[in-house]
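Please build the complete structure, drawing on both the sequences and the hints.
When you line the sequence shown up against my numbering, it's residues 93 to 252, in that order.
Warning: the hint list may mix true and false statements.
[Stated by the list, open to error] The calculated lysine-lysine pairs, modelled on DSS-like cross-linking and capped at a C-alpha distance of 27 Å, are:
1) Lys217 <-> Lys135
2) Lys221 <-> Lys147
3) Lys98 <-> Lys153
4) Lys251 <-> Lys217
5) Lys116 <-> Lys217
6) Lys116 <-> Lys221
7) Lys147 <-> Lys98
8) Lys155 <-> Lys175
9) Lys251 <-> Lys235
10) Lys98 <-> Lys135
11) Lys235 <-> Lys217
12) Lys98 <-> Lys175
13) Lys158 <-> Lys175
14) Lys147 <-> Lys112
15) Lys135 <-> Lys155
16) Lys155 <-> Lys251
17) Lys251 <-> Lys221
18) Lys158 <-> Lys98
19) Lys112 <-> Lys235
20) Lys251 <-> Lys135
21) Lys135 <-> Lys147
22) Lys157 <-> Lys98
23) Lys217 <-> Lys147
24) Lys153 <-> Lys175
25) Lys135 <-> Lys116
[Unchecked claim] Beta-carbon label-pair distances, calculated as ranges:
26) Lys157 <-> Val185: 15 to 23 Å
27) Asn245 <-> Asp182: 36 to 44 Å
28) Val179 <-> Ser128: 35 to 43 Å
The set of hints was computed from the structure by calculation and includes no laboratory data. Backbone N, C-alpha and C define an ideal beta-carbon position, used for all residues, glycine too.
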Amino acid sequence: MILTLKTPPVSEPITLYEAKEYMKVNNAVEDDLINSLIVSARKYIETYTGNLLGKQEWILKWKTKKGQVYLPYIPVIEIVYVKSNNVEVDYRVVYGTEPLVIETYAVDVEIDFWAGWVDIPESFKLAMKRIVTFYFENRLVDKLPTEIYESLNQLRMWKI
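What follows is the structure in structure tokens.
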């Protein structure tokens, strides 16, 4: 399976202002660092839960025998196409599954799809703020503490 990001989210789930307000930072000296931590926190949560935070377009290439292909991210917004050897092929979406399942008789498929939360749940935003704050205050630490994992565990209901 090869996944390629075609169109990234237009904006991050939390703004620089929201992160700084949460952290009680009143200057612009480290805005670049905070912005990079916001992006890292989003990607961390996306990887941890399989939920994309913001509308994104992805290309999935999957070498498969005829059958089922699982889209690795939720929520899926739209399937743009399913192709095999650069030709669009018939497929069926199996609704009610997470991750979303695409059934096709084609092999070696390429699927272009849009996925991600447009209205991002507050629990994701809070988890992002906590991760950004932790790494801002603990720059030499490379592992999240137990308290942050407890916050992430509250996102389990969102995990695929």
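Results of checking the hints against the structure:
With a CA separation close to 12 Å, the supplied pair Lys217 and Lys135 stays within the 27 Å bound. Pair hint Lys221 plus Lys147 holds up; C-alpha atoms about 20 Å apart against a cutoff of 27 Å. Restraint check: the Cα-Cα separation between Lys98 and Lys153 comes to about 13 Å, which is no more than 27 Å; the hinted pair holds. Restraint check: the Cα-Cα separation between Lys251 and Lys217 comes to about 15 Å, which is no more than 27 Å; the hinted pair holds.
Among the hinted pairs, Lys116 with Lys217 is consistent with the structure: their alpha-carbon atoms are about 16 Å apart, no more than 27 Å. Distance restraint check for Lys116 and Lys221: the Cα-Cα separation of roughly 12 Å lies within the 27 Å cut-off, and the hinted pair is therefore satisfied. Annotation: proposed proximity of Lys147 to Lys98 holds, straight-line Cα distance about 11 Å (limit 27 Å). Using a Cα cut-off of 27 Å, the hinted pair Lys155 and Lys175 holds, with the two alpha carbons roughly 12 Å apart.
Straight-line distance between C-alpha atoms of Lys251 and Lys235 comes to about 21 Å, which keeps the hinted pair within the 27 Å bound. Taken as a hint, the Lys98 and Lys135 pair is honoured in the structure, with Cα atoms around 15 Å apart against an allowance of 27 Å. Taken as a hint, the Lys235 and Lys217 pair is honoured in the structure, with Cα atoms around 20 Å apart against an allowance of 27 Å. Among the hinted pairs, Lys98 with Lys175 is consistent with the structure: their alpha-carbon atoms are about 16 Å apart, no more than 27 Å.
Among the hinted pairs, Lys158 with Lys175 is consistent with the structure: their alpha-carbon atoms are about 13 Å apart, no more than 27 Å. For the given pair, Lys147 sits about 24 Å from Lys112 by alpha-carbon distance, which is consistent with the 27 Å threshold. Between the alpha carbons of Lys135 and Lys155 the distance comes to roughly 26 Å, so the proposed pair stays at or under 27 Å and holds. Our distance criterion of 27 Å between C-alpha atoms is met by Lys155 and Lys251, whose separation comes to about 25 Å.
With a C-alpha separation of about 19 Å, the suggested pairing of Lys251 with Lys221 holds against the 27 Å cut-off. At roughly 26 Å between alpha-carbon atoms, Lys158 and Lys98 fall within 27 Å of each other, so this suggested pair holds. Distance hint between Lys112 and Lys235 is fulfilled; the C-alpha atoms sit about 22 Å from each other, no more than 27 Å. The straight-line distance between the Cα atoms of Lys251 and Lys135 is roughly 14 Å, inside the 27 Å bound, and the hint therefore holds.
The hinted pair formed by Lys135 and Lys147 meets the criterion: a straight-line CA distance of about 13 Å does not exceed 27 Å. Straight-line distance between C-alpha atoms of Lys157 and Lys98 comes to about 25 Å, which keeps the hinted pair within the 27 Å bound. Distance restraint check for Lys217 and Lys147: the Cα-Cα separation of roughly 15 Å lies within the 27 Å cut-off, and the hinted pair is therefore satisfied. At roughly 9 Å between alpha-carbon atoms, Lys153 and Lys175 fall within 27 Å of each other, so this suggested pair holds.
Between Lys135 and Lys116, the direct Cα distance comes to roughly 23 Å. Compliance with the 27 Å bound is thereby established for this hinted pair. Judged by the Cβ atoms, the range 15 to 23 Å given for Lys157 and Val185 holds: they are separated by roughly 19 Å. Take Asn245 and Asp182: their Cβ atoms lie about 41 Å apart, and the range 36 to 44 Å holds. The beta-carbon spacing between Val179 and Ser128, approximately 41 Å, falls within the hinted interval of 35 to 43 Å.
The structure agrees with every numbered hint stated previously.
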